[in-house]
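Chain by chain, the residues run as shown.
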Amino acid sequence: MSSFVRSTLIEARPAPVAVVPTLTRWRRTWFPSLAMGVLSLLLLVLLVVAGWHFFGWALVRAHWSGVSSSACPGDDGACWAFIAARWKPWLVGDYPSDQLWRAWTCFAIFALFWGWAVRRAQGASQQRVLLGFVLMPVFFFLLLLGSGVLPFVPPTRWGGLLLTLVATLATFATALPLGLLLALGRRSRLPIVRWLCGAFVEGMRAVPLLVLLFIAATLLPMFLPAGLNVDLFTRAVVAFALFNAAMAAEVFRGGLQTIGLGQREAATTVGLSDLAALALVVLPQAVTAVVPALVNIMISVVKETTLLSVIGVNDLLGAIESGAKSPEWNGESNILTSGHVFLALAYFIICWGLSRYSRRLEARR
Amino acid sequence: MTNKLAAPADANAGAAVVQMNAINKWYGTYHALRDIELVVMPGERIVICGPSGSGKSTLVRTVNLLEPFQQGHLQVCGVEVGADAITRAARLAVNRRVGMVFQQFNLFPHMTALQNLTVGPVWGNGVSRTEAHALAMHYLERVGLSAHAHKHPAQLSGGQQQRVAIARTLCTRPQVVLFDEPTASLDPEMVNEVLQTMEALAAEGMTMLIVTHEMGFARRVADRVIFMDQGQIIETAPPDDFFERPQSARLRTFLGQLLPH
Chain D
1 MSSFVRSTLI EARPAPVAVV PTLTRWRRTW FPSLAMGVLS LLLLVLLVVA
51 GWHFFGWALV RAHWSGVSSS ACPGDDGACW AFIAARWKPW LVGDYPSDQL
101 WRAWTCFAIF ALFWGWAVRR AQGASQQRVL LGFVLMPVFF FLLLLGSGVL
151 PFVPPTRWGG LLLTLVATLA TFATALPLGL LLALGRRSRL PIVRWLCGAF
201 VEGMRAVPLL VLLFIAATLL PMFLPAGLNV DLFTRAVVAF ALFNAAMAAE
251 VFRGGLQTIG LGQREAATTV GLSDLAALAL VVLPQAVTAV VPALVNIMIS
301 VVKETTLLSV IGVNDLLGAI ESGAKSPEWN GESNILTSGH VFLALAYFII
351 CWGLSRYSRR LEARR
Chain F
1 MTNKLAAPAD ANAGAAVVQM NAINKWYGTY HALRDIELVV MPGERIVICG
51 PSGSGKSTLV RTVNLLEPFQ QGHLQVCGVE VGADAITRAA RLAVNRRVGM
101 VFQQFNLFPH MTALQNLTVG PVWGNGVSRT EAHALAMHYL ERVGLSAHAH
151 KHPAQLSGGQ QQRVAIARTL CTRPQVVLFD EPTASLDPEM VNEVLQTMEA
201 LAAEGMTMLI VTHEMGFARR VADRVIFMDQ GQIIETAPPD DFFERPQSAR
251 LRTFLGQLLP H
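Chains as they are written, first to last, in our numbering: chain D, 1 to 365; chain F, 1 to 261.
Hints are computed from structural coordinates only; laboratory data are not their basis. Honestly, I wouldn't trust all of these hints.
[Unchecked claim] To give an idea of the chain D side of the interface with chain F (calculated C-beta under 8 Å), a few residues:
#, residue
1, 262
2, 263
3, 265
4, 266
5, 268
6, 269
7, 270
8, 272
9, 273
10, 276
11, 281
12, 285
13, 288
14, 292
15, 327
16, 328
[As the list claims (entries may be wrong)] Some chain D residues well away from chain F (every beta-carbon gap over 10 Å; in silico):
#, residue
17, 231
18, 250
19, 310
20, 350
21, 354
22, 358
Small disclaimer: the values here were computed from a predicted structure and weren't measured. For each residue, glycine too, the CB sits at the ideal point set by N, CA and C.
Work the whole structure out from these sequences, hints included.
If you want it as structure tokens, here you go:
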């Protein structure tokens, strides 16, 4: 066999253009065989029928304006008048009308921050985004509660979307640092620290959140000193925070495990103490690695806040429920259904947005 | 002198930089290092070789206490450590005087090359930021990578990453640098750039303890070559004697198995 030597190099050529007609390609994608074609058709028909029914209920036969349940007779169409007329309870609850600017400020700050975070979702800014999530609720709490120049507004008068927002952010802001400490505690050299942190995390993960909330609502006041009166909302947020701290601890533990021993050894050899190595080398990498998972925790916190209505805190769900029981909107079952559909849509928009954001963060790495 | 790749020699020059007396180490029941006796004088370049699992890496990792030992006595750059006194403080004290280059580079992936170099001096040794920055740029220049100062490790080739790692360890002004198979995970065409950097470092009088399979490099650079097997030092000799007149049968077998380079 003779040897071969290439004397001219082959130039790169463009890939050949597809020559299959569009219609054929479409048919192959949607109806590749008889059975699959039937399945495609069946699902399409189902989708169209269900969509048509919902469309008719939600838009065509819906009632759009009115101030009482008489605006929505019968139950064949949605009652958006209910949502529109009661905008204040579901947005801000029972917040004093002359102090509403404080609530709007919170919403505006959050919207601005969120816009900023989404627009520059680069790796370097992720820690700043986390910092924002920790600092914002503290500011919101102080602004909404008020004292001194600002009239005091007790949390019992907060409600609706505002309360959901503050509860979510406050939970997040306390659960994250606590979760990080728990995760570090589980890796401690001290057996008692390791054991306590492990027991706390495992215990929290094994108890339903609703049970925790009931304990916070009913049992906790009996154990607190007589003079100390913590309001229901704060107690519930503490329960949320403890529960989600355990969740975050597991996420952080996973993040810490992704950082190899080599990184800590390298940190040691350049003269960093164990604490400096943790703060400068291990944590920045571990936290960045779990940001998408932390956003997922946030999504579940948003949805968990609906449990607040069960213990009598006036959150978004609670505002809709109590609205449907109010004298002017009582009577038609359709009104509550419309409220629930509206709620589902509102939560979908918030959580779907968050999940898109988390996807983007994942894709960027 | 100002252009030297190596930090200025220690004040107590003349004393041994590393002295290991009867060091023994076990992994569980496995006897990994057996009665190790080793003295490294300032400016000495020592290459350690041997079959895999012979304890070469464990030996150099014991020098900067990344691996604790159970018996024996260690003296590194004036820090005395007994087997019963391996504390975090001792490890930190040793590591502030000793540099290390790893097989897997172990650069910090979330920092730029420049930040990789400055983080140790600034946060470990209290060097001011401006001074650390100047020092880092100096060493990046010396390993030929000053143009890449603001890139992250993932944007650099393996050879470049290892050169950054060498610059990083030099930036902490070590009195001795340990190399743990620095070229073993590099593509063949990148081995030379790293070896050249190490040769330049050796030419300037840096004390070096090198685990490597690069026998050509060992011949050119080493003052002494150590052959290890089964956790023991089998033979120590200047490179000419080591390669031309091996005394032990084990070393002859080992050298016979190497491809002629």
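**Q.** Hint check: 8 Å Cβ-Cβ cutoff, residue 273(D) to chain F
**A.** At about 6 Å, which falls below the 8 Å cut-off, the nearest Cβ of chain F leaves the hint on residue 273(D) intact, so it holds.
Q: Could you check that no beta carbon of chain F comes within 10 Å of the beta carbon of residue 250(D)?
A: Check passes; 23 Å lies beyond 10 Å.
Q.
residue 276(D) was flagged as interface toward chain F. Is the shortest Cβ-Cβ separation under 8 Å?
A. holds (5 Å)
Q. Does the interface hint hold: is residue 269(D) within less than 8 Å of chain F, judged Cβ to Cβ?
A. Status holds, d = 4 Å.
Q) For the hint on residue 265(D), does the least C-beta distance to chain F fall short of 8 Å? A) Holds - the Cβ of residue 265(D) comes within 8 Å of chain F, reaching about 6 Å at its closest.
Q) Can we trust that residue 310(D) is non-interface, i.e. its beta-carbon lies farther than 10 Å from all of chain F? A) holds (43 Å)
Q. Do the numbers back the hint for residue 288(D), that is, is its least Cβ distance to chain F under 8 Å?
A. It holds, given that the least Cβ distance between residue 288(D) and chain F is near 7 Å, below 8 Å.
Q. When the nearest CB of chain F is found for residue 270(D), is that gap smaller than 8 Å?
A. Check passed: Cβ of residue 270(D) comes within 3 Å of chain F, closer than 8 Å.
**Q.** Given hint residue 268(D) near chain F, where the shortest CB pair must fall under 8 Å
**A.** It holds, given that the least Cβ distance between residue 268(D) and chain F is near 5 Å, below 8 Å.
(Q) Given residue 292(D) as an interface hint, is its Cβ closer than 8 Å to any Cβ of chain F? (A) Where the cut-off is 8 Å and the nearest Cβ of chain F is about 16 Å from residue 292(D), the hint is violated.
Q. Taking 10 Å as the cut and beta carbons as the points, is residue 354(D) off the interface with chain F?
A. holds (25 Å)
Q | Exclusion check [residue 350(D) not at the chain F interface, CB over 10 Å] | A | Consistent with the label, residue 350(D) stays out of reach of chain F, its closest Cβ about 31 Å off (over 10 Å).
This entry does not satisfy hints 14, 15, 16, going by the numbered hints stated previously.
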